[in-house]
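Student: As given, the protein sequences belong to chains A and B, one line each in that order.
Under our numbering, residues 1 to 397 are what the first sequence spells out, in order.
Under our numbering, residues 1001 to 1132 are what the second sequence spells out, in order.
FYI, nobody ran anything at the bench for these hints, they're computed from the structure.
One or more of the hints may lead you astray.
[Unchecked claim] Computed footprint of chain A on chain B, listed as stretches where at least three residues anywhere in the stretch have a Cβ under 8 Å from a Cβ of chain A:
#	segment
1	1080–1086
2	1108–1114
3	1118–1126
Computed from a predicted structure; not experimentally measured.
Heads up, the beta-carbon is just placed ideally off N, CA and C, and yes, glycines get one too.
Each chain, letter by letter, is given below.
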Amino acid sequence: MRIKNVKRFRGLACLAVWLALVLFFPIGVKAGEPEDTSEQPLPENQQELFSQLTKASGADRLPESLPEEARGLMEEAGLGGFSLGSFLKSPRQTIQMAIELLKRQAKLPFQALGGILGALLLCALMDCAAETFAGGQLRPVFGAAVTLFLAASAILPAAECIKSCVETVEDCSRFMVIFVPVYASVVTACGLPAAGSVYHLFLFSAAQVISSLVSGWLVPAAGIYMTLNIAGALSPQLKIQPLLEALKKMVCWTLSFLLAGFVALLTMQNTLSSNLDAVTLKTSKMLVSSLIPVVGGALSEALSAAGGCLRVVKSAVGIYGIAAAACIFLPVFFRTAVWYAALSIGAAAGEMLSVKEAAPLLKAGASLMGILMAVLCLYMLLILVSTTILLMTGMGG
Amino acid sequence: MNGDIAIGAVVGIGLIAAMMSVLLRQYRPEFALLTALAATILIFTGMSQWLIPAAQRVRELLEQEPELAGSAAILLKAVGVCFITQLACDLCRDAGENAIAARVETAGKAAILLISLPLFEQVLELVMVLLR
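Work the whole structure out from these sequences, hints included.
Tutor: Dropping the structure here:
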């Protein structure tokens, strides 16, 4: 009995010591890191071939055609040169870069918001002490002075953002003039001639239409819209708000219709051209393998292999184009979006403080920013959607 | 606590000045006006220790936008002109001179419009840039 107790005690003591060791002296373990092949995803001989093909297609000259700001962003994102490894960055780096860009663009608008809130506070104080400061007689005159201050606060960003929007559209059109022929030629070389020519024709027309829309119609309309809003704010008896609302709705409908029309046209044309290209390719392979004796089959397989190699270049050029378009548009888009937020907050503060001069003017400024964002989105989406459709075309073949 | 004492002092001065004004109006009406003016100046001097930090903070907010820093001074001047004009109008009305009060009010409006002229020119320039 005594021996049994000693044995049991020894067992319990060993268990207690083991538990103490595990709890107080743990040994850390972790999974092994996967090998980082992002810098050189292809074997060396294929990397050399990739470089030669990009040089031959003219894709290595694309970075030079970018505007300064976009080139800086591409270099920050590690896409300064044209190499396959640079496209395999992690999403976290991209998101961090986007957040840094947003922070840089947000500084000035929120400083201006401080000024707007200061003017609104002054007005609200005057309203609270109406008997002391005005007795109702001087308040309208002071209100006119505040309206002028708010008008200057709202027009300044409007003028800057309109100018930036026009410059961005022009910069992007210049980049498209270089990028579209390069990409279309790569796509044609991949055995998709119909898709390449549709893309070439479509994107050039889209760039032309949007450029002329922005310079010939949007800029004057935006100027007239802001001017009429200021006149309406200074003279409330004019009652031009309904006219301005109608003008804004017309612009939004036109932009939505344009985008829907372009995407529908592009999808239809791409569907037809991709079927045509598939038939052309299969027919060519069949003709090569049946008409050429002895080596016909091998030649047909070689065609497929060459096509596969060119598809890597096609994907790389397509992704570069999408990234470049994003880098051209994003700074201005973020700047306009932050101004939209700042002016909307100012308008909401004006309504909360019952400053009747402020809300319509600041809301008009915010609406204008919204329209500019819509135009930038329209152009950016056109490029992204059309390039992505072409990227996906012919992937299975 | 300081705020409570200060408001107590302001209320006390106001009530005493009002009573003195009512008494003096029966014998020497001109001194009633002077009593009202003195009480107003005294109360405003007391209020200024509250108003100056608040005005400083509002000025800092208004000057956040570097392009419009000059315009902030215009707005604050306009507030000052409103206050002084209203004070003068109220004193004139208390003395029974409504016509003089109305003229002072008109002069105040003209002064505010004159002070705001640079703002108006700035907005006009910006509008011309937009329309061009």
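Student: Hints first: check each against the structure and report whether it holds.
Tutor: Outcome of the hint check:
1. Check on the segment 1080–1086 of chain B: 4 of its residues sit with their Cβ under 8 Å from a Cβ of chain A, so the three-residue criterion for coverage holds.
2. By the rule of at least three residues with a Cβ nearer than 8 Å to a Cβ of chain A, the coverage given for the segment 1108–1114 of chain B holds, with 4 such residues.
3. For the segment 1118–1126 of chain B, the stated coverage by chain A holds: 5 residues have a C-beta nearer than 8 Å to a C-beta of that chain, and at least 3 were required.
The structure shown violates none of the earlier numbered hints.
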